[in-house]
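A.B. asks: Sequence:
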Amino acid sequence: MIVPYPEAYSGPCHGREPYPDGSRLGFMDVPELHPALEPIAFLLGRWEGAGVGGYPTIESFNFGQEIVFGHNGKPFLTYTSRTWLLDESGGKVRPLGTETGFWRSLPERQLEVCLSHPTGIVEIYVGEVVFNKIELQTDVVARTATAKEYTAGHRLYGLVNGNLMWAYDMAAMGQPLQSHISAELKKVADFVPEVD
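Taking my numbering, the leading residue of the sequence shown gets 1, the next gets one more, and so forth.
Errors might be hidden in some of the hints.
Stated by the list, open to error - Quick list of the computed label-pair ranges, beta carbon to beta carbon: (1) Leu-106 x Ala-167: 29 to 37 Å; (2) Pro-176 x Pro-31: 28 to 36 Å; (3) Asp-87 x Lys-133: 13 to 21 Å; (4) Glu-135 x Gly-162: 17 to 25 Å.
Unchecked claim - Result set (DSBU-like, lysine-lysine): computed pairs, CA atoms no more than 30 Å apart in a straight line: (5) Lys-187 x Lys-92; (6) Lys-186 x Lys-92; (7) Lys-186 x Lys-133; (8) Lys-74 x Lys-148; (9) Lys-74 x Lys-187; (10) Lys-148 x Lys-92; (11) Lys-187 x Lys-133; (12) Lys-74 x Lys-133.
Quick caveat, the hints were computed from the structure, so don't treat them as lab data. Virtual Cβ for every residue (Gly too), placed ideally from N, Cα, C.
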């Protein structure tokens, strides 16, 4: 399958030069999905929506979110999540958090997920996928000296009526593992090609 990629991915940025005819809009082959990723292929694409959050150490809040799952033909999914605070009318107030990482599907529907946060936290999750439901728990949490105290996480992801529902529990700031955020996201793009 051949899909156009945006001008932002052609030319000198990303190490690509304009095509010989001088055009800046090129085409790239979309790689085949690695067979190991079939159990989690339902995640692929760009998802947008909103959710709610809270924790004993902070006030409750509403947030918007964008999650992008992509692949480049290798045996992992790329993952990026961005969130922003919403006001009472649903307007964007300011950025909240971002995380990026990789999801690896293993034999017997097991998963390994590596996530990195700009706040100085890196997490390794392990879990499993059953049909269109994923459950993950932290196996390793590493923090820089300046990161806030965070000791464990638990995540659920599921496809419900075509929407991606997810919930995140955390243990942080001296609090036991408990609900922190949850969201419902709609798919707005089926596949986002990764550019090497």
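A.B. asks: Within a Cα-Cα threshold of 30 Å, do Lys-148 and Lys-92 meet the stated pairing?
C.D. replies: 25 Å, holds
A.B. asks: Lys-74 and Lys-133 were given as a pair; does the straight-line alpha-carbon distance stay at or below 30 Å?
C.D. replies: 22 Å, holds
A.B. asks: Run the distance test for Lys-187 versus Lys-92: straight-line Cα separation, threshold 30 Å.
C.D. replies: OK: Lys-187 and Lys-92 at ~20 Å, within 30 Å.
A.B. asks: Against the 30 Å threshold, does the CA-CA distance of Lys-187 and Lys-133 hold or violate the hint?
C.D. replies: With Cα atoms ~16 Å apart, Lys-187 and Lys-133 stay inside 30 Å; holds.
A.B. asks: Does Lys-92 sit within 30 Å of Lys-186, going by the straight-line distance between their CA atoms?
C.D. replies: 18 Å, holds
A.B. asks: Between the alpha carbons of Lys-74 and Lys-148, is the straight-line distance 30 Å or under?
C.D. replies: Roughly 34 Å separates the two Cα atoms, so the pair is violated.
A.B. asks: In this structure, is the beta-carbon distance linking Asp-87 and Lys-133 contained in 13 to 21 Å?
C.D. replies: 32 Å, violated
A.B. asks: Are the Cα atoms of Lys-74 and Lys-187 separated by 30 Å or less?
C.D. replies: This hinted pair holds, its Cα atoms lying about 23 Å apart.
A.B. asks: Is 29 to 37 Å a correct range for the gap between the Cβ atoms of Leu-106 and Ala-167?
C.D. replies: With Cβ atoms ~23 Å apart, the hint is violated.
A.B. asks: Given the hint that Lys-186 pairs with Lys-133, test it: the Cα-Cα distance must not exceed 30 Å.
C.D. replies: 16 Å, holds
A.B. asks: Holds or violated: the 17 to 25 Å window for the beta-carbon distance between Glu-135 and Gly-162?
C.D. replies: 20 Å, holds
A.B. asks: With 28 to 36 Å as the target window, see if Pro-176 and Pro-31 comply at their CB atoms.
C.D. replies: 43 Å, violated
In summary, the structure is inconsistent with hints 1, 2, 3 and 8 from the numbered list given earlier, while agreeing with the others.
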